[in-house]
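Protein chains: 2
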Amino acid sequence: MLKLFEYNWQVRKDWFDWCDSVTEKELLEKRRGGPGSILYTLFHIIDVEYSWISGLQGKPEPQEPTFEDYANMKKLREYSARCHEEITPFIYAWNSSMETRILEDGNPTNKLESFKYGEIIRHVLTHEIHHIGQLSVWSREIGKQPITANVIRRGLFDC
Amino acid sequence: MLKLFEYNWQVRKDWFDWCDSVTEKELLEKRRGGPGSILYTLFHIIDVEYSWISGLQGKPEPQEPTFEDYANMKKLREYSARCHEEITPFIYAWNSSMETRILEDGNPTNKLESFKYGEIIRHVLTHEIHHIGQLSVWSREIGKQPITANVIRRGLFDC
Chain A
1 MLKLFEYNWQ VRKDWFDWCD SVTEKELLEK RRGGPGSILY TLFHIIDVEY SWISGLQGKP
61 EPQEPTFEDY ANMKKLREYS ARCHEEITPF IYAWNSSMET RILEDGNPTN KLESFKYGEI
121 IRHVLTHEIH HIGQLSVWSR EIGKQPITAN VIRRGLFDC
Chain B
1 MLKLFEYNWQ VRKDWFDWCD SVTEKELLEK RRGGPGSILY TLFHIIDVEY SWISGLQGKP
61 EPQEPTFEDY ANMKKLREYS ARCHEEITPF IYAWNSSMET RILEDGNPTN KLESFKYGEI
121 IRHVLTHEIH HIGQLSVWSR EIGKQPITAN VIRRGLFDC
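In order, the protein sequences belong to chains A and B. Each residue of the first sequence is one higher than the one before, starting from 1 at the first, in full-length UniProt numbering. Each residue of the second sequence is one higher than the one before, starting from 1 at the first, in full-length UniProt numbering.
Certain hints may be false.
Given that identical chains are not distinguished, each listed pair holds provided it fits within a single copy or across any two copies.
[What the hints assert, rightly or not] Okay, derived cross-link-like pairs now, DSSO-like style, lysine-lysine, Cα gap no bigger than 30 Å in a straight line: (1) Lys116 / Lys74; (2) Lys111 / Lys13; (3) Lys111 / Lys25; (4) Lys111 / Lys3; (5) Lys59 / Lys3; (6) Lys25 / Lys13; (7) Lys25 / Lys75; (8) Lys30 / Lys75; (9) Lys13 / Lys3; (10) Lys116 / Lys30; (11) Lys75 / Lys116.
No lab work stands behind these hints, which were simulated from the structure alone.
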């Protein structure tokens with residue numbers, strides 16, 4: 001599980017660097033399909049990972065962040081780094097005995113739901129990969145080569 | 001690992017069913033970003049999963065399939081089912097002792113490369129999720145709601 005998180009974080013960093021070579025106008029332009037602009041999609045990925053993992057850590061639901069507070073690369077990188085610091089201890093401590101623990105999740109619009117920890121951690125993993133797939137289409141729309149989605153040849157399994 | 005494969009296979013089936021409500025012209029139209037058309041992308045997902053897992057099973061490199069032989073939903077479903085039958089015993093037998101086994105991979109255009117089994121199995125998993133993200137953008141292009149990418153609420157963790 002950890003390797004797939006490390007993959008996501010490495011790919012996310014590569015996309016942040018990719019964004020540095022794209023105008024703010026392109027980054028903020030509403031795209032068809034997906035949650036919105038390129039920058040909003042990256043913000044959404046960070047927010048969703050942070051919210052769910054905070055829940056698994058037993059923390060109270062974080063206050064809903066406002067995209068406008070993070071709508072440039074400097075602020076988005078800081079937001080990602082801050083969230084990352086909070087959630088990594090949990091990811092590195094993950095083990096199979098945690099798979100069947102139950103998270104009770106409720107929000108104002110839904111009734112209370114129960115999820116297994118193993119379900120949530122995979123949901124978070126695939127959520128990022130799915131949205132990165134959307135970025136790869138939009139990058140071609142603005143004439144740029146996307147970041148490779150390959151797991152292989154990233155050095156993730158060298159040790 | 002198995003749960004994520006089951007997720008991919010369920011999502012793939014949902015997309016097959018989704019395709020039934022789309023014209024062949026739309027399914028075969030070349031899209032921007034990604035490997036090609038919607039149908040070609042699904043073909044590519046099946047082919048890549050089958051080729052890599054066959055390698056992990058110690059089988060010789062399968063003969064490169066020709067997309068034109070599978071370019072409608074009936075043939076693509078049959079192709080997916082046939083590949084699925086061959087690879088599932090390996091996926092269900094997967095265990096952590098196989099993580100560090102080495103696959104030597106060579107093809108006419110590349111030098112011989114070594115990969116850990118754990119690297120390949122995650123590569124195959126993320127490969128499908130990434131391309132499904134691309135389908136979700138294209139589905140909006142043709143005015144249709146995409147298949148949900150959520151891991152949660154699919155019944156995958158009910159037992």
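Hint check results:
1. Lys116 / Lys74: neither (35 Å within a copy, 36 Å between copies)
2. Lys111 / Lys13: Between. Shortest inter-copy distance 29 Å satisfies the 30 Å Cα cut-off; intra-copy 36 Å does not.
3. Lys111 / Lys25: neither (39 Å within a copy, 42 Å between copies)
4. Lys111 / Lys3: The answer is between: 26 Å across copies meets 30 Å, while 33 Å in one copy does not.
5. Lys59 / Lys3: both (24 Å within a copy, 26 Å between copies)
6. Lys25 / Lys13: Answer is within; shortest intra-copy Cα gap is 20 Å, inter-copy 38 Å.
7. Lys25 / Lys75: The answer is within: 16 Å in one copy meets 30 Å, while 44 Å across copies does not.
8. Lys30 / Lys75: within (19 Å within a copy, 37 Å between copies)
9. Lys13 / Lys3: both (15 Å within a copy, 27 Å between copies)
10. Lys116 / Lys30: For Lys116 and Lys30, the Cα distance exceeds 30 Å both inside one copy (34 Å) and across copies (40 Å).
11. Lys75 / Lys116: neither (33 Å within a copy, 37 Å between copies)
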